[in-house]
Each structure stands twice: as structure tokens, then as C-alpha cells.
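Enquirer: Below are the chains, spelled out letter by letter.
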Amino acid sequence: MNFELLLQLIINGVIVGLLYGVVGMCFVLVYKSTQIVNFAQGEFLLVGAWVCWALLVYLQLPFFLGFLLTLCFMAVFGVFLQMIVLRPMIGEPIISVIMVTIGLSIFFQSLTKWIFGVSPQSYPTVFDTQSISIFGLNIELAYLMSTVIALIIMVSFFLFFKYSKHGLAMRATAFDQQVAQSLGISVKQVFAMSWGIAATVSATAGVVIGMVNGVSDSLSSIGIKVFPAVILGGLDSIVGAIVGGITIGILENVAEFFDSQYLHIGNMYDIAPFYVLLIILWFKPYGLFGTRDIERI
Amino acid sequence: MVDKILKVEQISLAFGGVKALTDVSFEVEKGSVFSIIGPNGAGKTSMLNCISGRYRPYEGSIHFDDQEVTHMRPNDRADLGIGRTFQNLALFGHMSVLDNIMVGRHHQMKNNWLTGPLYWASPAQKEELKHRRQVEEIIDFLDISHVRKSIAGTLSYGLRKRVELARAIALNPKLILLDEPMAGMNLEEKEDMARYILDLNEEFGITVVMIEHDMGVVMDISHEVMVLDFGKKLVSGLPDEVMANEHVRQAYLGLDDNEQLQEVG
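Going down the list, the protein sequences come from chains A and B.
Residues 0 to 296 (numbering that gives the first Met the number 0) are what the first sequence spells out, left to right.
Residues 0 to 264 (numbering that gives the first Met the number 0) are what the second sequence spells out, left to right.
Take these hints with a grain of salt, some might be off.
[Claimed, not checked] Partner residues aside, some chain A positions facing chain B, computed with beta carbon under 10 Å:
#1 Arg-170
#2 Ala-171
#3 Asp-175
#4 Lys-187
I should point out that these hints are in silico values taken from the structure, not numbers from a laboratory.
Small disclaimer: the values here were computed from a predicted structure and weren't measured.
The C-beta atom is built at its ideal place from N, Cα and C for all residues, glycine as well.
Construct the entire structure; sequences and hints are all you get.
Expert: As C-alpha cells, this is what we get:
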């Protein structure tokens, strides 16, 4: 057994898993505060990555400036999306809202293809050295950066929800909208804010993944990859999203390892997470950290 | 002329064919304790919900502090100074007591996400201190300092009711709406709660509008009582007058003298 390869793959899994966790957190944020299952989550990554790419390549901006502008753009993008498309859907049946987000997903995929073309594009190099060696393992600098960024985002999420006035307002709204309103919290603002944050943070993940793998359509598939992660974590738990994300990241890499070394079934990388998801939900229908809804008859 | 803080004029509210409220009008004096009583389904909570903004009446108007609020959103009314508690406990169960109360304080804080992070270099620090101090006062006032760090969902019923009251006071309201503040309490807890309501009325100067079934408490602490029956206002006035009213006895208290003053579930 090739332990070195396995270890390398597990580390890659954790790194990618952290990014899944970040995107999963955004998904949970939107779900918790607005009760919308957002199928267009992956398109936030896609749009963010393309916008940043365009700023860097067409406008020749330095990376960090372009990145900051992208974040600003995405915050506005998320808020407007909520205000224009999703606010009128408040109170409509859940299935209609889901259809709208699926529609958004298709729309933005096509839009980015139309504007930027179908072929993957790579980012201009940001770092001079491509990879560094830690304990004999090669780690790409971009991956290291993504880990740091993911951790920063997670810590700031934690601080935001624990200590800030808006974080408190969002938690209150997630718990009970009517009570939150009676305490002077504008639910409209909270909804818009949660979409803005979700778009901005997802775009960060999009840019980071884009720097490593290039920008292409496949970025939006992260939005689907995040599903097993958040459902595993329990759909309404932010910690669950992080744990779920890392689990899925490791799982797909380990599955890939065993497949390529022993099983030779092929494509396990994409499918294994869903198998495991099925098995876990079999025993824990509410996910690992989810709220238990007990119905008594 | 006495200052009226709340003027409700000819409110009507219906859910489909069910008329919850028909043509109800009343006025609440500034600084008074105003009780709404009536049998179940009489429209008491609907009335409260109209005032707090959860329901919008299809007819009539509501003025708060000389400002029309009939079509205002609930959160804007809270900003104006209308606080409330709920009939079924509505604490944020996963949050600590302190966080629950800070949510009530939330709208008072002026610093935003830009100045907030610059904690040490902005007026935010001073403001935060001021709010902390006021929240401490509220916590002291309701004797809940021993549970301040506890998760709200783990507390006993009586304590949770107190925390909910604390959260509503933290809003710094001019008018507070209490929906059955003493439901399900034992005698001792009821006495405490009555004390708190009187104190917040007298010391904090908050006008109280409350729904309560315990006639003893209602008679003891209210300045004015209104009786609702089938969505209509039966009578209003001083507690003694209302108690003596023949219609009220028929509608609410029962004709039999022995059943009088008993709690009507």
C-alpha cells in the first residue's frame, strides 16, 4: 500500500474539504435565515471566479485589488439577487422557490458561457513559487493560501454570529421571524444580508479554486458537491457544514485512492460521497448535527 | 386632558369569514396599566397583534404617540417603542440569556458594520458600555443575574417568562404589550410577576397593555380594564365598574355568584 500517496491525498482532501465547508456554510446561512434551498450556490463561485478573472486579465489589475473588487461586486450581486428575484417569492410554496433557484443556476451558467466562452481559462500567476514542501509533502502554495483563507472565513463567521449585532439579529431571525420583528429587527435586511454574505464568501472559494484548477463551468459543480456535505452535517448547522465538508473532501480522495489502486471501478471520486451520504442518512436521518424534528401524533 | 399614548379607532379584523375583531375602539393613558380580558377566542391576542403589527386590520386606525402606525411594519413599530411578549414562550432557545436580552437591545445600537470592528478607536466602545450597563440594570431588576450565562431553553418556565420580559424591556419601549404574563404560574410566581409589572410601570414609566386571565391580579394592578367578547368591545372602565357590570358577568364571569372571580381557562 502506498502510504505516502494516501497521506498526500488525505491532506488534499482536507484542503478541498475546507473549501467545501466554506461553501456549505454559505448554503446553511441562506437556508437557516431565509428557508431557501439554494441550488444556485455553485453559480456564486462561478460568477465570482469569472468576474475576478476578467478584472485581472482584461483590466490588468493587481491580484489583491481585483480580488477586493470582486468581493464588493459579489456582495451587491447577492443582495440584488435576493431583492429582485427572491423577495417576491417569500411565502410561495417551497418547490416554486427551489425551481427559481434552479432556474437561476441554469441562467448564470449559460450567461457565463456566453460571455467568457466554454474553454477553461487559467488565472495569471500570483505566486512565484508553485509549491512548497512541508514534512516531505508537496503542498501547492495556492492550496496553502486556500486553507488559510478558509480558516479565516470560518473564524470570522464564528465571531460575526457570536458577537456582532447583525450576527445576533440573523440568529434571532433564523429562530423566529415574528419574535425578531417584535424586537425591531428588519427581516428584509437580514434576508438581503445573508444572500450578500453567501455570495461574497462563495466567490472567495470560487476564486481560490479557480487559481488552482482554472476557471470553467466545473466550478458550479461545487454547488452540488456541497449538498452531501451540508446534508451530512444536518442542513441547519454551521459546524455541521464544516465537518461535513471536510468529511466529503477526505472521502472522495480516499475513494479515489482505493479505486485507482485496487478496485478499478472508475469515477469513485465523484460518486463515493453520495454512497456514504446514503448510508449515514439511513442511520441518522437528521444528519450528524441537525435539529431533530419530532412529530407526535 | 390626559395624555393618550395609544389610540385604537374602530379596528376590524377578519380571517376569511371569521370576524376576529369588530369595530373595537379604545384609548390607553400614558403611564397606566391597561388590561384586556374576555373569554377564549374573544380576540384579545388578535388585538395585541394588531397593535404590534403582526396583523393588519382591514378597517380602522391605530395611533401611537400621535403617530399613525396602522400600516407600519412590526420592526418599525418596535423602533418607535412598542415592545411585546408572547403567549407561548418565544425565547431564542439556543442562545444564552444575555444574548437574548442583547437582541432586544440590538436596534438601539447605532454603530454599524463599518465602525463596529474598529472597537477601540470609535464611539462604539462607549456606546457598548452604556448598553451593557443598561442591560445589567434590567437583569438586576428582574433578578435573573444568576442565570445570565445559561442557555435560555434550559431554564424553568417562570424564569423564561422573566427573561422574555427582560428582553422586551431591553428594547427600551414606551409601551409594552404582555400576552398572558402569568399563565401557568403558581401563586408565588404570579405575585412576583405582578410586582415586576407594577415596578416597570412605576419606575421605568412604561405603559402596560396586558391580557390576563387571573381576575385577582387584573383587579389589583390595572388602572383600566376592557372586556372583549366575540371580537366586540363589551365595556371598559375602572376595574370595579367593570366587575359590577351585568353584561360582563354574563359574558365572562358566569351568572352564578359562586363562580365569580374564579380563573376562566
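Enquirer: Each hint should be assessed against the structure and marked as holding or not.
Expert: Cross-check of the supplied hints:
The beta carbon of A/Arg-170 comes within 7 Å of a beta carbon in chain B, closer than 10 Å, and the hint placing it at the interface holds. The closest approach between the C-beta of A/Ala-171 and any C-beta of chain B is roughly 5 Å, which is under the 10 Å cut-off, so the hint is satisfied. Interface restraint check: A/Asp-175 against chain B, minimum CB-CB distance 6 Å, threshold 10 Å, status holds. Annotation: A/Lys-187 was flagged as interfacial toward chain B, and the flag holds, the nearest CB pair being 8 Å apart, inside 10 Å.
Violation of the numbered hints given earlier is absent; every hint is satisfied by the structure.
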